[in-house]
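Student: Protein chains in written order, with this note's numbering: chain A, 61 to 526; chain B, 61 to 526; chain C, 61 to 526.
You may find that some hints are simply not true.
Same chains, same names: a pair is fine if it fits in one copy or spans any two.
Okay, derived cross-link-like pairs now, DSS-like style, lysine-lysine, Cα gap no bigger than 27 Å in a straight line [to be verified]:
hint	residue 1	residue 2
1	K272	K483
2	K270	K181
3	K397	K181
4	K272	K395
5	K386	K270
6	K272	K340
7	K270	K395
8	K428	K270
9	K428	K446
10	K428	K181
11	K340	K483
12	K483	K270
13	K395	K428
14	K272	K446
It is worth saying that the hints were derived from the structure and are not from the lab.
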Amino acid sequence: MAEHNTNMRLKLPVMCIVLEVILIILFGAFVEYHPDAHARGWHQYDVNNKTSNPDYENEFYYRYPSFQDVHVMIFIGFGFLMTFLQRYGFSSVGFNFLIASFSLQWATLMQGFLHGMHDSKIEVGVESMINADFCTGSVLISFGAVLGKTSPVQLLVMAIFEVTLFAINEFILLSVFYAKDAGGSMTIHTFGAYFGLMVARVLYRENLEKSKSRSTSVYHSDLFAMIGTIYLWIFWPSFNSAITAHGDDQHRTALNTYYSLAACTLATYAFSALVNHEGKLDMVHIQNAALAGGVAVGTAGEMMLTPFGSMIVGFLAGTISVLGYKYLSPVLESKLKIQDTCGVHNLHGMPGVLGAVVGILTSVAASKEVYGNGLELFKLGDVFEKIQNGRDSSTQAAMQAASLGVTLGMALLGGLIVGLILKLPIYGAPPDTLCYEDAIYWEVSVLSLEKILYAKLHVSYMADVI
Amino acid sequence: MAEHNTNMRLKLPVMCIVLEVILIILFGAFVEYHPDAHARGWHQYDVNNKTSNPDYENEFYYRYPSFQDVHVMIFIGFGFLMTFLQRYGFSSVGFNFLIASFSLQWATLMQGFLHGMHDSKIEVGVESMINADFCTGSVLISFGAVLGKTSPVQLLVMAIFEVTLFAINEFILLSVFYAKDAGGSMTIHTFGAYFGLMVARVLYRENLEKSKSRSTSVYHSDLFAMIGTIYLWIFWPSFNSAITAHGDDQHRTALNTYYSLAACTLATYAFSALVNHEGKLDMVHIQNAALAGGVAVGTAGEMMLTPFGSMIVGFLAGTISVLGYKYLSPVLESKLKIQDTCGVHNLHGMPGVLGAVVGILTSVAASKEVYGNGLELFKLGDVFEKIQNGRDSSTQAAMQAASLGVTLGMALLGGLIVGLILKLPIYGAPPDTLCYEDAIYWEVSVLSLEKILYAKLHVSYMADVI
Amino acid sequence: MAEHNTNMRLKLPVMCIVLEVILIILFGAFVEYHPDAHARGWHQYDVNNKTSNPDYENEFYYRYPSFQDVHVMIFIGFGFLMTFLQRYGFSSVGFNFLIASFSLQWATLMQGFLHGMHDSKIEVGVESMINADFCTGSVLISFGAVLGKTSPVQLLVMAIFEVTLFAINEFILLSVFYAKDAGGSMTIHTFGAYFGLMVARVLYRENLEKSKSRSTSVYHSDLFAMIGTIYLWIFWPSFNSAITAHGDDQHRTALNTYYSLAACTLATYAFSALVNHEGKLDMVHIQNAALAGGVAVGTAGEMMLTPFGSMIVGFLAGTISVLGYKYLSPVLESKLKIQDTCGVHNLHGMPGVLGAVVGILTSVAASKEVYGNGLELFKLGDVFEKIQNGRDSSTQAAMQAASLGVTLGMALLGGLIVGLILKLPIYGAPPDTLCYEDAIYWEVSVLSLEKILYAKLHVSYMADVI
C-alpha cells in the first residue's frame with residue numbers, strides 16, 4: 061500500500077457523515093413500519109376482523125428474544141472474538157461496532173429493495189432487524205480476514221459493497237431458487253468468508269512479517285476473546301432459529317444447533333491436543349473451531365436433521381476446522397498469498413460449505429414420512445414450503461446445490477472487484493510495519509518512557525497493572 | 061472533606077444491615093404478589109370467567125425477556141462501563157452492584173407507595189421489577205458523576221434520597237401530567253444526570269488533581285469498559301420498550317431505538333475523529349456518546365417517530381455528546397466547578413433534554429391520520445391514552461414540556477439538598493489524594509516491592525501490558 | 061499423585077473421541093424430537109383436533125428465553141467466575157467449556173433414560189435442554205472444588221459418573237418422592253457441592269502449598285471473575301423459574317429469586333466489611349457469597365414464599381456464606397483436609413442445605429388459603445401437584461426432608477467412590493508444584509526470548525501479567 065497517511069481527521073468524518081445522511085434520506089423516502097409495529101396498522105386489523113387482534117400474536121413476541129441474542133453475537137460475539145490480538149483490542153471491538161452500525165442500516169435498505177417492498181415502501185419490523193443483523197454478520201466475517209491491515213474508512217467501503225452483494229445473492233437463493241438457508245451456511249458464512257478471503261488476497265502484503273510481533277495474542281487478550289467465543293457459542297441456536305417458521309421449526313432448529321455445537325466442542329478439544337507436539341490445547345482452536353458446529357448446521361438446522369445427524373455434522377465441522385488452522389492456513393498464506401488474520405476460512409469457509417452440502421443431503425431425504433403434515437399443510441416460511449407446493453425433494457436438493465455454486469461465484473468475483481477498489485491508496489491503511497496496532501487510529505494511553513524508567517518510585521502504580 | 065477515616069468496618073455493615081432490616085419489615089407489611097404471580101390470584105380468574113386463564117397471557121411472557129435485558133444493562137452495562145478507570149474496577153462494578161441491589165428494593169416500595177397500591181398493598185410482578193430497575197438506573201447515572209470520590213456508605217445515603225425523589229417526580233409526570241416517557245429520557249436520564257451533577261457540584265474537591273494520575277484509563281480497563289458500553293447499546297431497544305403497551309408499541313419502540321443508536325454510532329465516530337488533532341478516535345467518546353441515541357429516543361421512541369425521525373435524533377444525540385465531552389466538560393469543571401467523572405452530562409444530561417424536546421414535538425404531531433385506531437381504541441397504557449380520551453395533542457405536548465421543567469427542578473433542587481447531606485464528614489469519603497483508588501475500600505493484591513524495583517528493564521513490555 | 065506425565069496428546073483426544081462416538085451412537089438409537097419440535101408431531105395435532113395448533117402454545121415460547129439465560133450462566137457464569145486465579149483463566153473458561161459440552165449431551169441421555177422415555181425413545185425439546193444444562197451446572201459446581209488440581213481427562217471422568225448419579229438422585233427426588241425442587245437447591249447445589257467436596261477430600265494434596273503463589277488472584281483476573289458473578293446473579297431468576305409451571309409459577313419464582321438475591325447482596329457487603337480488620341471488602345466474598353441468595357430459594361422459590369420470606373432467606377444465605385469463607389473454609393482445609401478451591405461449600409453447600417430446609421418449612425405452610433385454586437385445579441407440574449391430588453402438606457414436607465437426606469447420602473458416597481477412581485495415577489493430573497497453572501495444558505503465549513532472558517529475575521511476576 062502506497063499511502064500511509066493514516067490520519068483519519070477528514071476521511072473518517074466525511075465518510076461517516078455522508079453515509080449517514082444518505083441513509084437518513086433513503087429511510088425517509090422508503091421505510092415504513094411493518095403493520096405489527098405501526099399504530100394504525102396493528103389496530104386496523106381489529107376493525108376488519110370485527111375482533112381484536114391478540115397482542116400475543118404480534119411477531120415481536122415470537123422473534124424479539126432471538127433477535128436480541130443475535131444482536132449480542134454481532135456486537136459482543138464478533139467484537140470480542142477479534143480482541144485476541146495483543147495490541148488491537150480497541151480496533152477489534154471498535155471497528156466492529158462502527159461497521160456493524162453502518163451495515164445494519166444499509167442492509168435494511170438493500171434487503172428491503174430486493175425483497176421487502178410493499179406498495180413501494182420497505183416495511184421494517186423484528187424480522188427485518190434480524191435479517192439486517194445477519195447481513196452484518198457476513199461483513200464481520202470478512203472483516204476477520206483483513207483484521208489489523210485495514211483502516212476504518214476502507215472497512216466502511218468494503219461494507220457498502222459487501223452488503224449490496226450479500227442482498228443480491230440472498231435474493232437469488234431465497235426468492236429465485238427458493239433454497240432454504242435459515243442460519244446462513246451459504247448466504248452468511250460461505251459468502252462472508254470467501255468474499256473476505258478474496259479481498260485479503262488482493263490486499264496481500266509481502267512485508268507483513270514486519271508487524272509479526274503484534275500478530276499474536278497475550279494472556280489477557282485471549283481471555284477477552286473467549287468472551288466473544290462463548291457468547292457466539294451460547295446464542296448460536298438463536299441465530300439459526302431466529303427467522304425459521306414459528307412453532308416446531310424454531311424449536312427444532314435451536315435443538316439441532318445446540319447438539320451440533322456440543323459435539324463440535326469435543327472434536328475441537330480432541331484435535332487441538334492431537335495436533336500439538338506436547339498435547340497442549342491451543343486457544344486459537346478453542347476460540348474458533350468450537351463454533352464451526354453452528355456454521356455447519358446453518359442450512360439443515362431447520363430440517364429434520366435429527367440430533368444424531370446434528371452431532372455428526374458438528375463433530376466433522378470441529379475436526380476440519382482444527383485441521384484447517386493447523387495445516388491449511390499456513391499453505392493458504394505461503395502458496396495462495398492469503399493472509400487470513402482470524403482464520404475465517406477454517407471457521408466460516410469450510411464449515412459453511414459443509415453446511416451447504418449437509419443441506420443438500422437433508423433436502424434429498426425430505427419425505428412425507430418424516431415431515432408428515434409438516435410438509436402438507438402449507439404455512440408460509442415453513443421448511444420446504446416449495447415441496448409443500450409440489451416441488452419434489454430432488455429438485456429442492458438441486459436448488460440447494462445451485463445456491464452453493466452461485467454463492468461461491470458471487471463471493472469470489474465480488475471479493476476480487478471490491479479488493480481492487482480497496483487497494484486504492486486513498487483510505488489511510490496502515491503501513492506494513494504498523495499492522496495490528498491500535499495506536500494508529502486510537503488515542504492509546506501509554507506510559508511515557510521516563511515514567512517506566514522510574515517505575516520503581518511508583519510501587520503502588522505498578523501494582524495496578526496486575 | 062474533613063473526615064478521612066475511610067475504614068468501613070462499622071459504617072458499612074451497620075448501614076447495610078439496618079437498611080435491609082427496614083426493607084424486609086416494609087416488604088412484610090406492604091408487598092404482595094401481583095395476581096399474575098399469585099397462585100390464588102392467577103387461578104382465581106378461571107372461576108370468575110368460567111374459562112381458563114390462558115398462561116400465554118400472563119404478563120410474564122410479554123415482559124420478562126425485556127426485563128432480563130434491562131437487568132443486564134443495570135448490573136453489567138453500568139457496572140462495566142465505569143471500569144474504565146485504571147485503579148477503580150472493583151469499586152465500579154462492586155459499588156454499582158451494592159447500590160443497585162439496595163435501590164431496586166427501595167424503589168419497589170417508593171414507586172409502590174406512590175402509584176402501585178391495591179387494597180393498601182403494593183403488588184409486585186414483572187412490571188414492578190422493570191420499574192425498580194429503571195429507578196435504579198437513575199441512581200447509577202448519578203453515581204457516574206461522583207465516581208471515585210465517594211464512599212459506599214455515602215452512595216447508599218444518596219440512593220435512599222434519590223430513589224425517593226425519583227418516585228415522586230415519576231408520579232407527577234406519569235400520574236398527574238399523564239406525560240409519556242416510557243424509556244425515561246426525563247424520569248431516568250435527565251433526572252439522574254442533573255441530580256448527580258448537582259451533587260458533584262456540592263462535593264467539589266479543589267485539590268482533586270492530586271489524584272489525577274489515577275483518573276485516566278489503561279489499555280485493559282478500556283476494554284473492560286467496552287463490555288459495558290456494548291451491552292448497554294445492544295439492549296437499549298429492550299430498555300425503551302420494556303414497559304410500553306403490548307403489541308405494536310413494544311415493537312415500534314424497539315425499532316426506533318435500534319435505528320437511533322445505529323445513526324448515533326456513526327455520528328460518534330465521525331466527530332470523535334474530527335475533534336482530535338491527529339484524527340484519532342477517543343475511547344471516552346466511543347464508550348459513551350455512542351449510547352446517547354438510546355437516551356434521546358427515551359420519550360418519543362414509543363410514538364410514531366418513524367425510523368427516519370429516530371435516525372435524525374440519534375445522529376444529533378451522538379454529535380452533541382461528543383462535542384460535550386470535548387468542549388463543554390472542561391468548562392463545567394473550570395467554571396462551574398462540576399467534576400463529572402464519567403461525563404454524565406454528555407451521555408445522559410443533554411441527550412435526555414433532547415429526548416424530552418423530541419417527545420414534545422412528536423406529541424404535537426400526533427393525529428388520527430398517523431395513529432389510526434391506535435388513537436381511537438382505548439387500551440390502557442397505549443401511547444397517548446389521554447389523547448384517546450379526549451385530550452388534544454397540543455395539550456399533551458404542553459404536559460410533556462411541563463414534565464421536563466418539573467424534572468429539571470426536582471433534580472437540581474434535590475441534588476443540592478442531598479449534596480449538602482452527603483458533604484457531612486461522617487461517611488468515610490476518600491481524601492483528595494486517594495480518589496479513584498480501589499485499595500481504600502477493597503483488599504487489593506499487590507506485587508512485592510522487590511519485583512517492582514526490577515521492572516524497569518522491561519519498558520516496552522510494560523507498555524503493552526497497560 | 062504419582063503420575064505427572066501431563067502430556068495430553070493421546071489421553072485427551074482418545075477420551076473425547078470415544079465419548080463423542082458413544083454419545084452419537086446412543087443419540088442415534090434413542091433420541092427423537094419432542095412433538096413440539098417435530099415437523100410431523102407438531103402439525104399432526106392439527107388434524108386430530110380439527111383445529112390448528114396455535115404456534116404461541118409451543119413450549120419453545122414459554123421457556124426458550126429462560127433456557128438461554130441458563131445457558132449463559134453455565135458457560136459464561138461458571139466459566140468466568142473461576143477465572144479469578146491469576147494463571148488459570150484458560151483452564152477455568154476452557155475446561156468449563158469442555159466438560160459442560162460433554163455433560164449436557166450425557167445428561168440428555170441419563171435424564172432421558174430415567175424419566176423422559178416415550179415409546180422407548182427419549183424426547184428432546186426445550187425442557188430437556190434446560191434439564192441437561194441444570195445437570196451440567198452440578199458438575200461445574202464440583203469442578204469448582206477441585207479447580208486447578210485436575211487434568212481435563214480427570215474432569216471428563218468425573219463428569220461421566222457425576223451426571224449419572226445426578227440423574228438417579230433427581231429421579232428419586234422428583235419421580236419417587238414427588239419433592240419440589242425446581243431451582244435445584246438439593247438436586248443441583250447440595251448434590252454438586254458435597255459430591256465435589258468429597259472428591260476434593262479424596263484427592264487431598266499434602267504439598268499443595270508448593271503452588272500457593274498461583275492460588276490467589278491478580279487485579280484483572282478478579283475483574284474477569286466479576287463478569288461471571290454478575291451474569292450468574294442477573295440470570296438466577298431465570299434459572300430458578302426455567303422449568304416451573306407456566307403462568308404464575310414462573311412469574312413468582314423469578315420474583316422471589318430477584319428479591320432474595322438483592323437482600324443477599326446487602327448481607328454480603330455488610331459481613332465482608334465486618335470480618336475484615338480494616339473494614340475492606342474482599343472480592344472473594346463479593347464474587348461468591350452474593351450469589352447464595354439464588355441457591356437458597358432454589359427449592360421454595362416457586363412456592364408462595366412471598367418477597368418478604370425470600371428476602372429473609374437471601375439475607376441469611378449471604379451471611380452464612382461470608383462467614384463460611386472467613387471461618388469455616390480454613391477449618392475444612394486444616395482439619396478435614398478438604399481443599400475447596402472456589403469455596404463451593406460456602407456458595408453451594410450450606411446455602412443449598414438452607415434452601416432445602418426453607419423448602420420443607422414452606423411446604424408445611426402450604427394451604428388452600430394461600431394457594432386458592434392454585435392448589436385445587438390440577439395442572440401438571442404446578443407447585444404441589446401432589447397436594448392437589450390428595451397428599452397433605454406435612455407429608456409433602458416429609459418428602460422434602462427425605463429428599464435432602466438422600467441427596468446428601470448420594471453425594472457423599474458417590475463422591476467418595478468417584479474420588480477413589482479419580483485418584484488413579486493415569487489421568488495426567490498436575491504435580492503439586494504446578495497446580496493452578498495454565499501452561500501445563502495450554503499453549504501460553506510468552507514474550508520474545510530476549511525479553512524473557514532479562515525477565516528471569518521476575519519469573520513469577522512476569523508470569524502473572526501475561
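Student: Evaluate each hint against the coordinates.
Tutor: Okay, the hints, checked on the actual structure:
Taking identical chains as interchangeable, the C-alpha atoms of K272 and K483 lie at most 27 Å apart only when both belong to the same chain, with a minimum of 21 Å there against 44 Å between chains. With identical chains, the CA atoms of K270 and K181 are never at most 27 Å apart, being 51 Å at best within one copy and 59 Å at best between copies. In the homo-oligomer, the alpha carbons of K397 and K181 never lie at most 27 Å apart, since the shortest distance is 45 Å inside one protomer and 51 Å across protomers. For a Cα distance limit of 27 Å, the shortest separation of K272 from K395 inside one copy, 19 Å, qualifies, whereas the shortest one across copies, 48 Å, does not.
Taking the shortest Cα distances, K386 and K270 sit within 27 Å of each other inside one copy (22 Å), while across copies they are farther apart (36 Å). Taking the closest pair of Cα atoms, K272 and K340 come within 27 Å of each other both inside a single copy (23 Å) and across two copies (23 Å). For the homomeric pair K270 and K395, the shortest alpha-carbon distance inside one copy (19 Å) is at most 27 Å, but the shortest distance between copies (49 Å) is not. Proximity of K428 to K270 under the C-alpha cut-off of 27 Å is found in neither arrangement, the shortest distances being 60 Å within a copy and 65 Å between copies.
With identical chains, the CA atoms of K428 and K446 are at most 27 Å apart within one copy only, with a shortest distance of 13 Å there and 41 Å across copies. When the C-alpha separation of K428 and K181 is checked against a cutoff of 27 Å, the pair qualifies only between copies, where the shortest distance is 21 Å, while the shortest distance within a copy is 38 Å. In the homo-oligomer, the alpha carbons of K340 and K483 lie at most 27 Å apart only across protomers (22 Å), although the nearest pairing inside one protomer, at 39 Å, exceeds that limit. In this assembly of identical chains, the alpha carbons of K483 and K270 lie at most 27 Å apart only when taken from the same copy (19 Å versus 49 Å across copies).
With identical chains, the CA atoms of K395 and K428 are never at most 27 Å apart, being 48 Å at best within one copy and 67 Å at best between copies. For a Cα distance limit of 27 Å, the shortest separation of K272 from K446 qualifies neither inside one copy, at 51 Å, nor across copies, at 65 Å.
Hints 2, 3, 8, 13, 14, counting from the list given before, are not met by this structure.
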